[in-house]
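*Asks:* Listed below, chain by chain, are the residues.
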Amino acid sequence: MRKIRVLIAKPGLDGHDRGAKVLARSLMDEGFEVIYTGIHQTAEDIVRTAIEEDVDVIGLSVLSGAHMYHFRRVLELMKENGINDVLLIGGGIVPEEDKENLIKMGVDAIFNPGTSIQEISDFIRKNLRRPL
Amino acid sequence: MEKEELYKEKLEEWKKIYKKSIESMPERQEFKTLSGIDLNIFYSPLELKNFDYFENLGNPGQYPFTRGIHPTMYRSRLWTFREFSGFGDAIETNRRLKYLIEHGETGLSIAFDYPTLLGLDSDDPLTKGEFGKAGVAINTLEDMQLMFKDIPLRDISTSMTINGPAAILWGLYILAGESQGARRNGLRGTIQNDILKEYMAQKSFIFPPEPSLKLVIDTIEFGSKELPLWNPISISGYHIREAGATAIQELAFTLANGLTYVEKSVERGLDVDDFAPRLSFFFDAHIDFFEEIAKFRAARRIWAREIKRRFSPRKERSLWLRFHTQTAGVSLTAQQPENNIIRTAIEAMAAVLGGTQSLHTNSMDEAWALPTEKAVMIALRTQQIIAEESGIPNVVDPLGGSYYMEWLTDKIEDEVYKYFDKIDNLGGVIKGIRSGFFQREIAESAYRFQRDLEENKRVLVGVNKYKIDEKLEIPILRIPDELEDRHLRRLKNYKSNRDMEKVNFALKEMQKNADEKNLMPYIIDSIKAKATLGEIVKALKDVWGEYIEPVIY
Chain P
215 MRKIRVLIAK PGLDGHDRGA KVLARSLMDE GFEVIYTGIH QTAEDIVRTA
265 IEEDVDVIGL SVLSGAHMYH FRRVLELMKE NGINDVLLIG GGIVPEEDKE
315 NLIKMGVDAI FNPGTSIQEI SDFIRKNLRR PL
Chain H
3 MEKEELYKEK LEEWKKIYKK SIESMPERQE FKTLSGIDLN IFYSPLELKN
53 FDYFENLGNP GQYPFTRGIH PTMYRSRLWT FREFSGFGDA IETNRRLKYL
103 IEHGETGLSI AFDYPTLLGL DSDDPLTKGE FGKAGVAINT LEDMQLMFKD
153 IPLRDISTSM TINGPAAILW GLYILAGESQ GARRNGLRGT IQNDILKEYM
203 AQKSFIFPPE PSLKLVIDTI EFGSKELPLW NPISISGYHI REAGATAIQE
253 LAFTLANGLT YVEKSVERGL DVDDFAPRLS FFFDAHIDFF EEIAKFRAAR
303 RIWAREIKRR FSPRKERSLW LRFHTQTAGV SLTAQQPENN IIRTAIEAMA
353 AVLGGTQSLH TNSMDEAWAL PTEKAVMIAL RTQQIIAEES GIPNVVDPLG
403 GSYYMEWLTD KIEDEVYKYF DKIDNLGGVI KGIRSGFFQR EIAESAYRFQ
453 RDLEENKRVL VGVNKYKIDE KLEIPILRIP DELEDRHLRR LKNYKSNRDM
503 EKVNFALKEM QKNADEKNLM PYIIDSIKAK ATLGEIVKAL KDVWGEYIEP
553 VIY
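Protein chains in written order, with our numbering: chain P, 215 to 346; chain H, 3 to 555.
Calculated directly from the structure, the hints in this document are not laboratory data. There's no promise every hint is true.
What the hints assert, rightly or not - In the DMTMM-like style, the derived pairs of lysine to aspartate or glutamate whose C-alpha atoms are separated by at most 25 Å in a straight line are: (1) H:424 with H:412; (2) H:540 with P:259; (3) H:494 with H:527; (4) H:130 with P:312; (5) H:469 with P:336; (6) H:469 with P:258; (7) H:376 with H:390; (8) H:540 with P:258; (9) P:340 with H:456; (10) H:459 with P:294; (11) H:473 with P:322; (12) H:17 with H:32; (13) H:130 with P:310; (14) P:318 with H:471; (15) H:459 with P:243; (16) P:313 with H:340; (17) H:467 with P:310; (18) H:100 with H:368; (19) P:318 with H:472; (20) H:473 with P:336; (21) H:130 with P:244; (22) P:313 with H:368.
Work out the full structure: start from the sequences and follow the hints.
*Replies:* Take a look at the structure:
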């Protein structure tokens, strides 16, 4: 069985990369293949990398308050590129109400600060859309 | 040590009782500080054999300033209550600043939005979605004037958290002050302007490290000549810590950065006594109460010793480590947010017991969004209760002389010196940044912290213990879209009412002199010609290029 491929990305101008890096490394420990983009990525960069790297999951980390814009952009570009079997998840400083709206828009899950790595990795395994 | 034999004898006796005691009641766990320092069950004079009061502590206001930089500390003047704020546009932030002043805040502290932090105007396509979210957007002199409308800059001190484009925001502030009639040499405040830690941790860098450092030294030189009451830099451990570093790494990397700035300023030809008294620091107050207090005490002592040893100043003030503190954002939990009030209170007490000069207390809702007015009020009241009710500020360095506190202060100092050696071996701070040393150290600590949580070796109340099902009903601060529209209209109007020839001339002059001369006067001239923040930064990027960091995790 192949490994699940996860892209962890930092969209926009936000430089808070602690969570993204810890998650990238921890998911590797959990047996995932992880690609981390580094900071200051546009939605175009992220979706391009996701296609090139043929990932199963895109995870966006946003702590700057600009989550609504960045998630919407990434969703749009995923649609434009006909990507419908890749999970889109995220984390950061996201108020409850925004979380609900993001889920309605098509984001698969938003994880708040304090979420355990176990919970995130279980979610990915359970909800994966592509065959392994 | 007097009576050493007696202490040893008593210790042997104690060990027997201890052994018996843990047979029936074993210790609950291993005991370490948050930085991972192993702790004894108690401390006694045996751990302080080489302790010398005057060598290690001195009285308050006396070298090596372990007990505080002033002889009277909070008996004469309390620390400055300074709540970090800013969101939306200049006009909205002006409203929040007035609210804080009205409720007893004694100094201002401005948070800028991400585009501003990276030197981009709000009409730049790269800034989409980011306007006013993490702070206020300031692009022009008009914005700066509006932010401080009816707030007399002659009387209040302002701290601005800005790094990459700090010189430009400072220029805007100086001119905004002058337009109110305040004289340049009377302006008081701080620009963070600590670019080295941006590469290590906060990641709001623009240019490569070398020209960035040159620009910082320009501001230090300019400040020493024209704004004698201004702190041209706030050498910051806060962001290093928040990115995952331990207390020891925070202190070691911050002081190493500080010493680099001093070295470079002296190389420029500045007299250490002309600028060192205006250097300021900024630390995190995390949740390990005693370790944080020890960190602040060690910070003052190491700085005083190293400045004295390396640069031999004549003024005693040059040896002072003055610092601002903010409670730990990373210690706040999204779960059961009211608990954050308690965490913040403990952290704030550590800052005060550590002798801080000013303090920001976080609000309980900040793991969700920028704080609401109500949450900010509680945070400010937390400081006021410590200051006015608790009795903590009555006596200087009340924990001085505690066996544990003195041992821990010494221990942190030793560990910091070990890092100094490592950094020297790497060839200094900039080489360490280029090779990813600091980034790796910080990422490693962050990772280890998370592992401890996952394995329940560390408890976070409400997160991995004492969890409840809760429906969160905390109000969230929203940034209305109208603020962005209003700001963009203002920017457009500003840009269409100026003489472009003058703008271009000023920017060209600045570019021509970017590497050879002090840039502050050229930046100020560009602002006077009505160049915007984004235009000035763009002109400098054309000369210096941009920094792309190596991805390390």
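*Asks:* For the pair supplied as a hint, residue 376 of chain H and residue 390 of chain H, is the alpha-carbon distance within the 25 Å limit?
*Replies:* Roughly 20 Å between the alpha carbons, so the hint for residue 376 of chain H and residue 390 of chain H holds.
*Asks:* Does residue 294 of chain P lie within 25 Å of residue 459 of chain H when you go C-alpha to C-alpha?
*Replies:* Measuring from Cα to Cα gives roughly 45 Å; hence the hint is violated.
*Asks:* CA of residue 469 of chain H to CA of residue 258 of chain P, is that 25 Å or under?
*Replies:* Roughly 39 Å between the alpha carbons, so the hint for residue 469 of chain H and residue 258 of chain P is violated.
*Asks:* Run the distance test for residue 130 of chain H versus residue 244 of chain P: straight-line Cα separation, threshold 25 Å.
*Replies:* Distance ~35 Å between residue 130 of chain H and residue 244 of chain P Cα, so the pair is violated.
*Asks:* Within 25 Å, alpha carbon to alpha carbon, are residue 473 of chain H and residue 336 of chain P?
*Replies:* Holds: residue 473 of chain H and residue 336 of chain P sit about 23 Å apart, inside 25 Å.
*Asks:* Quick one, are residue 100 of chain H and residue 368 of chain H close enough, alpha carbons at most 25 Å?
*Replies:* At roughly 21 Å apart (the allowed maximum being 25 Å), residue 368 of chain H and residue 100 of chain H satisfy the hint.
*Asks:* Under the criterion that the straight-line Cα-Cα distance not exceed 25 Å, is the pair residue 459 of chain H, residue 243 of chain P satisfied?
*Replies:* At roughly 18 Å apart (the allowed maximum being 25 Å), residue 243 of chain P and residue 459 of chain H satisfy the hint.
*Asks:* Within a Cα-Cα threshold of 25 Å, do residue 318 of chain P and residue 471 of chain H meet the stated pairing?
*Replies:* Measuring from Cα to Cα gives roughly 23 Å; hence the hint holds.
*Asks:* Are the Cα positions of residue 340 of chain P and residue 456 of chain H separated by 25 Å at most?
*Replies:* Given that 25 Å is the threshold and the Cα spacing comes to 20 Å, the pair holds.
*Asks:* Holds or violated: are the alpha carbons of residue 130 of chain H and residue 312 of chain P at most 25 Å from each other?
*Replies:* holds, 18 Å
*Asks:* Check the hint pairing residue 313 of chain P with residue 340 of chain H against an upper bound of 25 Å on the C-alpha distance.
*Replies:* This hinted pair holds, its Cα atoms lying about 21 Å apart.
*Asks:* With the threshold set at 25 Å, check whether the alpha-carbon distance from residue 473 of chain H to residue 322 of chain P stays at or below it.
*Replies:* Holds: residue 473 of chain H and residue 322 of chain P sit about 21 Å apart, inside 25 Å.
This entry does not satisfy hints 6, 10 and 21, going by the numbered hints stated previously.
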